[in-house]
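Asks: Sequence:
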Amino acid sequence: MSALLVVEDVVKRFGGVAAVDGVSFTLDAGQVLGLIGPNGSGKTTLLGVLAGTHDPTSGKVTLDGRTASGRGAHRAVSAGIARTFQTTRLFGTWTLREALRLAHGERRGRPGWPDEQIANLLGLGDALDRPGASLTSAAQRLAMIALALATGPRVLLLDEPAVGMDGTEAAALAAAVRRAAGELGVAVVVVDHNMQFLMPLADTVLVMAAGAVLASGTPAQIRSDEAVIASYLGEA
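Converting from the sequence shown to my numbering requires adding 7 to each position, the first position being numbered 1.
Calculated directly from the structure, the hints in this document are not laboratory data. Beta carbons: idealized from backbone N, C-alpha and C, even for Gly.
Computed spacing ranges between beta-carbons, pair by pair:
1) 105 / 227: 39 to 47 Å
2) 186 / 94: 20 to 28 Å
3) 118 / 173: 35 to 43 Å
4) 23 / 118: 41 to 49 Å
5) 45 / 124: 33 to 41 Å
6) 127 / 95: 14 to 22 Å
7) 21 / 138: 34 to 42 Å
8) 231 / 24: 30 to 38 Å
9) 109 / 240: 35 to 43 Å
10) 93 / 203: 12 to 20 Å
11) 21 / 210: 25 to 33 Å
12) 210 / 121: 24 to 32 Å
13) 230 / 64: 28 to 36 Å
Please construct the entire structure, taking both the sequences and the accompanying hints into account.
Replies: Shown next, in the form of structure tokens:
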């Protein structure tokens, strides 16, 4: 059985600079991939290629055997790829339930999950009828993930979802993402600098440096990789 998401030798150049340089990986439904590396290593650009905001210079991304790269962000969402950003973008006076209903329009005929199921998986069951502006900062970040899931994605891209969270909030977020991946069968790619949050969450970890893949493997393998320790983990 082929992988759900296949990234094949993706290169993204800006002028003469390769921000992403020959990155390849595969991801199955329900799996969580952690994407780490120093600032400027190409993580956010790679997310942009996956999300359709950047066309790859070469290489391709396929979702369920169909080309998903080079089609634009709107078509990527229609194909089943959803992304969150570092900043929260909630409708302040709208309730979470109202915002989720609006997000349904991006399903484009794909099946989705009930709003209550999504909210409960993320620990937001009691927040459905509250305005976005009334939620805590941590709850707003969870709400952004809920809105992405409301589009009915096959792949969920999370860009620094734990930024600004304390240890307890980050642990709750990791548990919520794991529940969503397992119960909904969504493949998840997570970029985050918080190793205490990311390592227990990820099934596999891909480390980038200067646009290329420095290492990949299980969290335990990455923690003991000398090249990774020297270039990234040793900074902590």
